[in-house]
Amino acid sequence: MKKLRKWSRILHRDIGYFFIGTTIIYGLSGIALNHLSDWNPNYSILVKHSSTSINLENTATIKDNVLILLDDIDSRKNYKKHYYPNRKTIKIFLKGGSSVLVNLKSGDVRAEYLKKRPVFYEVNFLHYNPNRIWTWFSDLFSASLILFAITSIFMVKGKKGINGRGGIYTLLGILIPLLFLIIYL
Amino acid sequence: MKKIIFILAMAILVFACKTETKKAEDKQQQVESKTETPLLALGEFETKAGDFVNKEVKIQGIVDHVCKHSGKKLLVVTDDGKVHITSDTRFNDELQGSEVSLTGIVLEERIDEAYCLKMEEDNIKSHSEGKSNKDQFDQKKEHIQQYRDQMKAESIDYISSYSLQYVSHTEIK
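Those protein sequence lines, which keep their order, are chains S and H. Going by my numbering, the first residue of the first sequence is number 2, and it counts up by one from there. Going by my numbering, the first residue of the second sequence is number 10, and it counts up by one from there.
In case anyone wonders, no lab produced these hints; they're calculated from the structure. Please note that the accuracy of each hint is not assured.
What the hints assert, rightly or not - What the simulated footprint calls covered on chain S by chain H, stretch by stretch (three residues with Cβ under 8 Å from a Cβ of chain H suffice, anywhere in the stretch; the number is not a length):
hint, stretch
1, 37–43
2, 147–159
What the hints assert, rightly or not - Subject to a maximum C-alpha distance of 27 Å in a straight line, what follows is the list of computed DSS-like cross-link-like pairs (lysine-lysine):
hint, chain 1, residue 1, chain 2, residue 2
3, H, Lys77, S, Lys78
4, H, Lys82, S, Lys81
5, H, Lys81, S, Lys92
6, S, Lys161, S, Lys3
7, S, Lys96, H, Lys127
8, S, Lys117, H, Lys67
9, S, Lys92, H, Lys67
10, S, Lys117, S, Lys158
Note that CB positions come from ideal geometry on N, CA and C, so glycine has one too.
Just chain S, same shape as in the assembly:
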């Protein structure tokens, strides 16, 4: 038992150190992605309204006219593509995921600028498993979480351990998900 306790502490401590960064990555992105219906976790969106008198009907000079509009509201260098979703609207795509919608009749311009959220964009990118190597690494991390749970049972002896306070916390932590399953499943 003494040996098991010793090795539980060593593994819990050292693997814990190794995965501090990964834990923060998954913790942050977990919160961010849990609230997808409340916000866009990857981009902050800035909407700007204005108006234009430039002719943006589908004519031979449309691309030039779109570029003139972009000179006014953004920069022609950011132009990507445009199309007409319906007869009275043109949608212009800009680099970086931003876009501009113009009502051809009224000239109302709605520009939606997307800006990557620092830190969140990067941690979410990793959370979504960008490639196979990361998948293996995150599998290793997940296996380590299981190991942390198991080693924590043996780490501390006495009334603060699994036979005392630790046991109560463990039971509570198991009961909460069980209750959710009973109520919602």
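Let chain S serve as the given structure and place chain H on it in line with the hints.
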């Protein structure tokens, strides 16, 4: 030394020949795939897709939207039409606004009364659990009603909705 150089030269020669053969094979395959995969204009996708269910087709258009939730859905558009794309892997956000030539397998989804009822049930559940707001709930409700109105107006039991299962794409610069 001479022997080593000779062996190396032979190895390079064999490798070069093999690469050439592979290139030629690839080229041939490309030509074959070009002749085999029909190109559907998005303007006629809804009317023609029915002839290609479970078959590969090619489309061309602008990526209007990459699903922010899963990242595995695209909406590809032109002035004349649109098509939804689903994939097993995530798309890069940067694809939004790019013109693409995309190959996919045509999928058919039949929307009938049972489907509408299921959508209705899911919509209520999702709203009651706070997963969708009032606007999203109303939009979906209206959408379901539109399906019912269309079936009634055309006296049909189901509406076929077509989408593409992603296979590959190339960006058109």
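Consistency of the hints with the structure:
Remark: the stretch 37–43 of chain S is confirmed as covered by chain H, as 4 of its residues place a Cβ nearer than 8 Å to a Cβ of that chain, reaching the required three. Check on the stretch 147–159 of chain S: 0 of its residues sit with their Cβ under 8 Å from a Cβ of chain H, so the three-residue criterion for coverage is violated. The straight-line distance between the Cα atoms of lysine 77 of chain H and lysine 78 of chain S is roughly 26 Å, inside the 27 Å bound, and the hint therefore holds. The suggested pairing of lysine 82 of chain H with lysine 81 of chain S holds, with an alpha-carbon distance near 21 Å, which does not exceed 27 Å.
Between lysine 81 of chain H and lysine 92 of chain S the alpha-carbon distance is near 23 Å, which keeps this suggested pair within the 27 Å criterion. A hinted pair counts as satisfied when its Cα atoms are at most 27 Å apart, and lysine 161 of chain S with lysine 3 of chain S qualifies at roughly 16 Å. Taking the CA atoms of lysine 96 of chain S and lysine 127 of chain H, the gap is about 39 Å. The hint is violated against a cut of 27 Å. Taking the CA atoms of lysine 117 of chain S and lysine 67 of chain H, the gap is near 32 Å; set against the 27 Å cutoff, the hint is violated.
Annotation: proposed proximity of lysine 92 of chain S to lysine 67 of chain H holds, straight-line Cα distance about 24 Å (limit 27 Å). Between the alpha carbons of lysine 117 of chain S and lysine 158 of chain S the distance comes to roughly 48 Å, so the proposed pair goes past 27 Å and is violated.
Violated hints for the displayed structure, listed by number in ascending order: 2, 7, 8, 10.
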